[in-house]
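Trainee: Chain by chain, the residues:
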Amino acid sequence: MSTQDDKAKEVSADGVAGPIILFFILGLAASLVFGWVIFPKLLYSQKKQPIDFNHVLHDEAVEEGCESCHFFREDGSFSGIPKLAQCVECHEEAQGEDPNEVKFVEEYVANGREVPWLVYARQPDCVFFSHAAHVKKAEMDCGTCHGHIGESEHSRVYEENRITGYSRDIWGKNISGLKKHTWERMKMDDCAECHTTKEIKTDVETLPWPINWLPRPYEKQTGNQARVKTVKEACFVCHK
Amino acid sequence: MKEEGKHKKAKKYGMVINLDECTGCGACMVACMAENNVPFKEDESSKLDSIAWMRVYKLTNGKSYPEADICYLPRPCMHCEGDHGHSPCVSVCPATATDYNHETGIVSQIYTRCFGCRYCMAACPYHARYFNWWDPVWPEGSTKYLSPNVSPRMRGVVEKCSFCFHRYQLAMDKAYLEGRTELEEDEYQTSCTQACPAGAITFGDLNNPEHKVHQLAKPDNKHGGRPGNPNVFRLLERLGTNPKVYYMSSREWVRQAGDNYLDNEDFAKNYRH
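Chains A and B supply the protein sequences, listed in that same order.
Start counting at 1 in the first sequence, then tack on 5, and there's your number in my numbering.
Start counting at 1 in the second sequence, then tack on 69, and there's your number in my numbering.
Worth double-checking, as some hints may not be accurate.
List time: in silico PhoX-like cross-link candidates among lysine-lysine, alpha-carbon distance up to 25 angstroms [said to hold, decoys possible]:
id, chain 1, residue 1, chain 2, residue 2
1, A, K53, A, K178
2, A, K141, B, K78
3, B, K291, B, K281
4, B, K78, A, K237
Just some of the chain B residues that point at chain A, by a computed CB distance under 10 angstroms [what the hints assert, rightly or not]:
id, residue
5, G154
6, K243
7, G248
Just so you know, these hints were derived from the structure itself, not from any lab.
A virtual CB, placed ideally from N, CA and C, is assigned to each residue, including glycine.
Isolated chain B (complex conformation):
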């Protein structure tokens, strides 16, 4: 084997979402729910109850016509690298039910370990985590359409986006069978990436210069993966959570919306930090 015998470099799976192309259709949300057996509620509009691993937010620039502008922002789990894997949620979990994996860069969620203290939800600055207040209720017959690759969650545990980790595992199975230990870029893609009709989501290994995500975001690994592309930003960059989900927009107000700035702060000067 070509790759055998040489050291395997750790991967850092991440996403670049082009906000200029996102139309806010919500196909990513639907695809995610179907793929990951996310339970739905009688009243999905109840934010206390509803669960969406991927949620599309609507941003406005707050100006009136003719300058009024809107932008849709899909928000999966950011899979924060933090400081050497100290993601906000991982640092606080008392049960080790969530952990940062240095091999893939994916933040796990182990439902059977979680006991529902919701400390991680308080720690997550992106509201990417959801609590199951109730056992899922599947309409009659619909359990036959659940994915066998993702276990359904019970009442009392927290869940969140896993970057479709089961797809990584299934892809690795195929690789093992063919005597490989490395995956091709297109062998492991998340459900939302494939569902996006606008092709706004790009997924891949941020550490691999051949992957499109690396070329788009140009992450600077010496500085926590800070984007090198001036049109690319991360949410709440200055918190130091170092997310692996990057957003791309040619509009300055959108990029500015990714973090909080003081009124008298010079955005152009500060937003690289």
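Chain A on its own, in the form it takes in the complex:
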């Protein structure tokens, strides 16, 4: 009797296992689709820039390249996206027939209103970033962090994280947080990529603080080679 019962149980267990596995696989697939495809679409809102800006066109027309509009002020601060005053220098009146330019002149220049540009690279409130230290002192390329934005003919869609309010450029386009190029993500880890590991061949003493100062317990100095390594006590350099 007992053996018959056992057999009966085994048979029924085999019959249930199939649907359970199937439901598990379906559930997993549904979760993956939700997590990788649907959730990012829900998380990020899509916003268009007020004016579709053509970098290529402007780059051809200006004399000093990027620095014509994105320049350092005398006090060392960086202009970032230029204010209306810079644009007006050329665009007091529409120079062509491009609808974007006409719209810009009619809506903003004529009324003296600043364009509410959406800043792709805006960092959270607690971050201090010195353009002067990176561009002037360390002589880095803008493209290392900002990519080839100067070669764009249209403003891309600005995606804002609905929860944090930050631009998607901070987390990166790839929802898994992976990246191929240095400019594809702007998280603290991306700053740290240089600031914890990168070796640069230059004279230690000519480097700006805090790089020139490598405290002995943490980091041994080898000859005149320095690492752009930001030490533990230097949190205050970038966090305000």
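Here the structure of chain A is known, so what remains is to put chain B in place on it, guided by the hints.
Mentor: Structure of chain B alone, referenced to chain A:
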């Protein structure tokens, strides 16, 4: 560049406050709050709640007329050097949210790292640290007047005076642009220093003999920056916290008020220690 190629000496930013000149007007407190986005409360008199990175204390000599005398003592964060950077608060912070920087001598406070255990507040002998029991409430429209260079703090974190570190960073930006790595004395001054109408506060690099703070305090770096000027003292000198805020007064009772002494202790003999 002149300064390039030779070793940059570490700086030690500090302050000398002349208590004989301080009138207790509180301009330093106001300037500090405005500069650093310090939140204000409905009842600023509640000491449990109110936050003041710079606070002016009133000292009295406890005597009656005609010997009665008072003194006002502005108290920012002392940016203690301690023993090789072991400031009381830095030693106890479990989150490394506060640290001593050997390059500038400034004790940092990283609000995003702080999780509000308040161990540093217990460790600080100067009551220079404040806890945000509430999120700041800014009256309508006043957020437009906040400084973009200092991030406002949220509920649950500790804050304190930073010697206006953001001003140092902005000054360095200008220096980089001009191809320099060194700052002039007047390029980096704290908000309270500039606001003091009596000119009682002097700020600069204690390691630089050309800076006025060095000339006033005459710090002895072999002994934790002990002041060489007999009229200059530091608060709770004998704790060994080695603060970088020095006080100056020609009045002995004021200098004596800077530390605790036993009744039968000879102040003149002991206060140099």
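Trainee: With reference to the structure, classify each hint as holding or not holding.
Mentor: Right, here's what the structure says about each hint:
1. A:K53 to A:K178: holds, 16 angstroms
2. A:K141 to B:K78: holds, 22 angstroms
3. B:K291 to B:K281: holds, 20 angstroms
4. B:K78 to A:K237: Holds - the C-alpha atoms of K237 (chain A) and K78 (chain B) are around 20 angstroms apart, at most 25 angstroms.
5. G154: Given a least distance of 8 angstroms, the restraint on G154 (chain B) holds.
6. K243: holds, 3 angstroms
7. G248: holds, 8 angstroms
When held up to the earlier numbered hints, the structure conflicts with none and fits them all.
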